[in-house]
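J.: Chain by chain, the residues:
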Amino acid sequence: MIETIYHVLDLLFPFAWMDHIFMKNAFLAVLLVTPLFGLLSTMVVSNRMAFFSDSLGHGSFTGIAIGVLLGAGSPLASLVVFSVLFSFLITWIKNRSSASTDTIIGVFSSTAIALGLMLMSYGGGFNKFSTYLIGDLLSITPEDLLALLFVFFAVLFVWALIFNRLLVLSINPSFARSRGISTLLVESVFAALLAVVVSISIQWVGLLIINSLLVLPAAAARNVTNDVKHYHLLSIGTALLSGITGLVLAYYCNMAAGATIVVIAAAIFFLTLLFKPYFVK
Amino acid sequence: MFKTILHHHALSGGDCAKLCCTKIEDFSVHIGRMDIFSHVHMHIHCGQLTALIGPNGAGKSTLLKAILGEVPHTGVLHYVDAKGKHTGHPRIGYVPQYLQFDVSAPTSVMDIFMACLSKRPVWFCRGKKLRPRVLASLARVKADHLIDRRLGALSGGELQRVLLALSLDPLPDLLLLDEPVSGVDKNGLELFYEIVADLRAREDMAIILISHDLDLVAKHADQVVLLDHGVICSGTPEEVFHDPRTHAVFGMLAGTPEGGDTL
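Sequence lines, in order, name chains Y and R. So the first sequence is numbered by this note's numbering: it starts at 1 and just counts up by one. So the second sequence is numbered by this note's numbering: it starts at 1 and just counts up by one.
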């Protein structure tokens, strides 16, 4: 199966960077992951959740640390479970408390990162965690790709189910509730979706920059679009384009792939900012 | 935890036979140790425009949210439809006061209608089928020319009319309007009142409107309720505006609604 895909990639892209197996794997991962970031980022930006998604990255610090301490092989399972619970907790408290959202997220985010650091430094073995800070896109295995494929379709499915309600919610929560939308449920599902995507991709993209992939594509797209359909298309397009060019550029210049992808996405954002007056009605 | 607006187990109202009506009985809301309002009784018939007036912080918006079921409250909501059948709970339409809306959000008027009316996600929805229905909805509030505009590019009055059109599809039994204190110009406000008054007659709908413009209330409302942490007085606009208690709440300025004063 994977051999056939490799063969097709060789035929489609007869370039030097595609010669290596790890580049083929990374390329396939980019094709699967960046559209998800593009998709989710539309509502992260529209619902002003950039700070929330940032805190998910911080929260995963604790998730990784717990996973490693429990010694359950790869800390991925512990990471996903912890991130989803963490996102539910923030959403729930945000809905119940009258304190401002950014304060609540700030409290949780800083607690999680401190707890994570504390647990990681336990026994003095902090260095083995450094890959999570920067991420390594070239370390993806065919098994990871299969898992990614599954997540890709699962996220797409859930996204189709909740999107309309999420859009109404982004306009006004009271109005959404008057139309019978359970706002807490919709918000929780979206938060869980974000948590899953963030925690599975953190080992490849890196904790420090993962949030930029949840903000930049949509931020660029909304500069030059006027309706939801184009917003989505352009956001996914931006994520995909910066993903592929970033990967190739990182190969030739020998740089961290995740960071290069983000820099290119940022460049696209500033480009769209220049063209904003010509597009937005 | 996942409570929705359906939490009102509305009972039948005995003395309302043959007329659809909504009765709010003994509504009270406390947040923490603060009494927002208590013992509010209101009786609203269909085809009636009830204006809710009162000073800032009187609990008007909270009352609407309590009727919606969004704010925990005590008291019951009775609803009986025109045929005397007990429909359980009224279908409530709601136009919120203001939108904390990001003006740069790329959402068109058509998009938000599709999100509300269609099950298919907006980015997958062709929208050709819905377009005539949306245009008809918007035409009812004189906003059909706005269908492809971005929500953020609308003026306060235009946005208010678009939201009104949204809350009218599907047609509600009870319409709650929270009029913004500011952000809508005088002409836009008058157009809005004309549309609402027209709706009341044509659709036989019960409407509760929070208003800050006493001139327009005097002109269009059938019933006025003065709220200040509880119902101070209620009745026809004439009765309420000449009630000494109204003068006490608003001061002398508001005593003569014909005088062109706006609160």
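Rather than coming from a laboratory, the hints here were simulated on the basis of the structure. For every residue, glycine included, the Cβ atom is placed at its ideal position computed from N, Cα and C. One or more hints might be untrue.
As a list, the in silico DSSO-like pairs of lysine-lysine whose alpha-carbon atoms are at most 27 Å apart [what the hints assert, rightly or not]:
(1) R:129 <-> R:142
(2) R:142 <-> R:186
(3) Y:281 <-> R:219
(4) R:186 <-> Y:281
(5) R:186 <-> R:219
(6) R:142 <-> R:128
(7) R:129 <-> R:119
(8) Y:281 <-> R:129
(9) R:119 <-> R:23
(10) R:142 <-> Y:281
(11) R:142 <-> R:23
Here are some chain Y residues pointing at chain R (derived, C-beta under 7 Å) [stated by the list, open to error]:
(12) 96
(13) 102
(14) 164
(15) 167
(16) 172
(17) 226
(18) 281
J.: Hint by hint, note whether the structure agrees.
T.: Quick rundown of the hints versus the structure:
no. : hint            : verdict
1   : R:129 <-> R:142 : 21 Å, holds
2   : R:142 <-> R:186 : 16 Å, holds
3   : Y:281 <-> R:219 : 37 Å, violated
4   : R:186 <-> Y:281 : 25 Å, holds
5   : R:186 <-> R:219 : 14 Å, holds
6   : R:142 <-> R:128 : 21 Å, holds
7   : R:129 <-> R:119 : 13 Å, holds
8   : Y:281 <-> R:129 : 25 Å, holds
9   : R:119 <-> R:23  : 33 Å, violated
10  : R:142 <-> Y:281 : 21 Å, holds
11  : R:142 <-> R:23  : 31 Å, violated
12  : 96              : 10 Å, violated
13  : 102             : 14 Å, violated
14  : 164             : 4 Å, holds
15  : 167             : 4 Å, holds
16  : 172             : 5 Å, holds
17  : 226             : 5 Å, holds
18  : 281             : 6 Å, holds
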